[in-house]
Amino acid sequence: PAALPSAPLGFTDVNLNSRNTYEVSRRRSAPEHLPHGGTAPAEPAPPPQEPAERARHRVGIAGSSFAEFFTRNFFTKRTKELKPAVQSAPGWKLFGKVPPRENLPKDSKIIQQEYEARTGRMYKPPPPSARRKNIEFEPLSTTALILEDRPANLPAKSVEEALRHRQEYDEMVAEAKKREIKEAHKRKKIMRERFKQEENIASAMVIWVNEILPNWEGMRATRRVRELWWQGLPPSVRGKVWSLAVGNELNITPELYEIFLSRAKERWKSFSETSSENDVEDAGASVADREASLELIKLDISRTFPSLYIFQKGGPYHDLLHSVLGAYTCYRPDVGYVQGMSFIAAVLILNLEEADAFIAFANLLNKPCQLAFFRVDHSMMLKYFAAFEVFFEENLPKLFLHFKSYSLTPDIYLIDWIFTLYSKSLPLDLACRVWDVFCRDGEEFLFRTGLGILRLYEDILLQMDFIHIAQFLTKLPEDITSEKLFSCIAAIQMQNSNKKWAQVFASLMKDNKEGDKNHSPAPKT
Amino acid sequence: MAQTVTSGTSPEGLPPSYTYKVVLLGSMSVGKSSLAYRYVRNDFRELLPTVGCSFFTQILQLDEATVKFEIWDTAGQEKYQSVCHLYYRDAQAALLVYDIANKQTLSRAKLWLEEMEKRFLPDEIVIALVGNKTDLAAEREVTTEEGEEFARTKGLLFMETSAKSNHQVNDVFMAIVQELLKREKEKASKPFLHGRSTVELRASGARMRCC
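Residue numbers (this note's numbering), protein chains in the order written: chain S, 19 to 543; chain C, 146 to 356.
Among these hints, one or two may not hold up.
Pairs of lysine-lysine, PhoX-like flavour, derived with a Cα cap of 25 Å [unchecked claim]:
no.	chain 1	residue 1	chain 2	residue 2
1	S	K493	C	K309
2	C	K213	S	K493
3	S	K528	S	K207
4	S	K517	S	K422
5	C	K330	C	K213
6	S	K502	S	K416
7	S	K331	C	K248
8	S	K502	S	K200
9	S	K283	S	K331
10	C	K327	C	K299
11	C	K332	S	K316
12	S	K385	S	K416
13	S	K401	S	K528
14	C	K248	C	K299
15	S	K518	S	K385
16	S	K517	S	K401
17	S	K316	S	K331
18	C	K263	C	K332
19	C	K213	S	K331
20	S	K206	S	K502
21	S	K493	S	K422
22	S	K316	C	K248
23	S	K287	C	K248
24	S	K422	C	K213
Far from chain C by the CB rule (all over 12 Å, computed), these chain S residues [unchecked claim]:
no.	residue
25	L172
26	E179
27	K204
28	W286
29	D318
30	G354
31	G358
32	L417
33	I436
34	R473
Not close to chain S: a few residues of chain C, all C-beta gaps over 12 Å, as computed [claimed, not checked]:
no.	residue
35	L192
36	P194
37	Q206
38	L266
39	G300
40	M319
No lab work stands behind these hints: they were computed from the structure. The beta carbon of each residue, even a glycine, is placed where N, CA and C say it ideally should be.
Chain S extracted, bound-state conformation:
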């Protein structure tokens, strides 16, 4: 035991080290947090101390959860604040009895030695298996276990009692040490993994920026790029790659966006001027008008990712989201604003400049699957659900039968998932990873992801009845991790007797045309 450093100092050092490591790793990956292309409008040049606005912008770009970001931020800040504090009294007040640093000599080791001297027993170190090498600190909470002598005014313990107490004490100390060592290992492992992750992102970013993006058309379909793509796009290039992959079939220019935005603004103005006259009893038309009007968007904006606090009224992205959605309803009055769109626009705004976000938004929604859903074209939606069920049965036959036995149809859970492209159903960072591959593989990947989720929770779902499955799938657990989900998605085969998604879907569409008379698209009632 003498070879080990004194407990409190040893621990705090390591703790500090790990924090410093954290800071170092953050610095390393800092370039990828920098805004790409340009900065958001009205964003000040990055000052040394991050203002909230900028911090938020980074969250978005990083695509990681807001909470995580702040934890990280606090880490770095706290390191600086903590340093002086460490010298005087490290966070040891926890155990009350431990003396502050002035009396430092009486640390756990010494208490231990004192105890051993008093009892005349040598503390045996735990067997080597319990204590691995290279643990450069001594467990801490054992210092809280102080076996005091009985006060003099009380009768002495009996010999057996004293022996038993000693034994219990030893056991408790050994147990606590074991636990602490285990936890320390766990912490170190997590740190190592995070560090590795950051390294991976940093190196992937270099490849994306230096090799892939300059040769986009030539490289995008290569196996190497596709594999790298599957791993998740580095947040700094995410928006760029999404834009390139979604394309701009509609040939929208930033100028066109400005035109539709100013049109939207005019309508807002005229709406707010006439809104008082609008309160007529007449139902049908005026309600429909109101629905079509831009007013509805307002109701949803502040309800979009409320936990991020950036889209709500007064939040930095409130007006941006309003603008993008408003311009879209003027650009595509045939589609208009449909609930669920605000989430898609928000994810794009978090990763792209305003005009680019609009261009990607309009093009994304112009894809056949999105158009079918956002026009709420029920017969087309049924085709997508039917194709989904083909692959559902193929991949998860047991669960498929279970759902069938309850007449649980995919619309129950797929409507939410597909409308919002999982951005409302999955944690934001995970949703971004789904979007990455969705941009690579197209609509097929949305349905594959759905099957991945079903696969991930198959065992649980098999135990549930209709309403509980519906409840579960429309509100997925929050602790879902990307590793688990993506390994489940990878295990889903999008092949049905040699037919791929597109072929299965096409043949369903053909059936529809041939049997239009026989099979009304209306659902079973």
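Mind docking chain C on chain S? Use the hints.
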């Protein structure tokens, strides 16, 4: 009427148990999800807009019966109407929700009623008209009398609520339970007629489930 009925055949001493599907309908942002959330979790918070449908369950242990509510909370936007029938079919009760601070939402609730009248026979479904957001009394656009009068002429249950301040939310659902149980009793008193309609309901594709 209920999908799972063990009444009559239930072991002596145990009250019968019923499962009812309740659907929440109404314009967007009138507080459908908030009502369900208040009722089931007794809490109020900023909820995300519902896309498609979300689901809640609640079990009531009453003296006369055990009632299990399956609450289907639908998306409010009119554009979703073409998929809404997926949600309200086979429902035993419906809450038509409007916002007392927004007159247009009452008109929309009236349209919902027309839709329900087309799809259901009066004795197939219990409908309640619910004026939510009484906490916004200062911005009120629909008087209590107006809602009440409309509900009376159409034979609907009526209540004004506030999911935010927890005003009468529980009462709405209790009123629905009472009405549903009353109908169960009436049905039991003329078993032949209803025995048949139950069979038809099952055969026509109502969800099969175990008890």
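Are all beta-carbon distances from K204(S) to chain C longer than 12 Å?
K204(S) clear of chain C: closest Cβ-Cβ about 33 Å, beyond 12 Å.
Would the hint linking K385(S) and K416(S) be met if the CA-CA limit is 25 Å?
violated, 32 Å
Looking at L266(C) again, its CB stays over 12 Å from all of chain S?
Correct as stated: the minimum Cβ-Cβ distance to chain S is 14 Å, above 12 Å.
Below or equal to 25 Å on CA atoms is what counts here, so check K517(S) against K422(S).
Holds, at about 23 Å.
Are K518(S) and K385(S) close enough, with their CA atoms no more than 25 Å apart?
OK: K518(S) and K385(S) at ~19 Å, within 25 Å.
Would the least Cβ to Cβ distance between G300(C) and chain S come out above 12 Å?
Nearest chain S Cβ is 20 Å from G300(C), so the label holds.
Sort out whether K248(C) lies within 25 Å of K316(S), counting only the CA atoms.
holds, 18 Å
Claimed clearance of chain C by L417(S), with the beta carbon kept past 12 Å
At roughly 17 Å from the nearest Cβ of chain C, L417(S) sits farther out than 12 Å, so the non-interface label holds.
Quick one, are K213(C) and K331(S) close enough, alpha carbons at most 25 Å?
Measuring from Cα to Cα gives roughly 39 Å; hence the hint is violated.
Please work out if K401(S) and K528(S) have their alpha carbons no farther apart than 25 Å.
Answer holds: K401(S) to K528(S) is near 10 Å, not above 25 Å.
Proposed proximity, K248(C) with K287(S) (alpha carbon, max 25 Å)
Satisfied, since the Cα-Cα distance of roughly 22 Å is no more than 25 Å.
Measure nothing beyond the straight line between the CA atoms of K422(S) and K213(C); if it is 25 Å or shorter, mark the hint as holding.
holds, 22 Å
Of the numbered hints given earlier, the model fails hints 3, 11, 12, 19, 29, 30, 31, 33, 35 and 36; all others are met.
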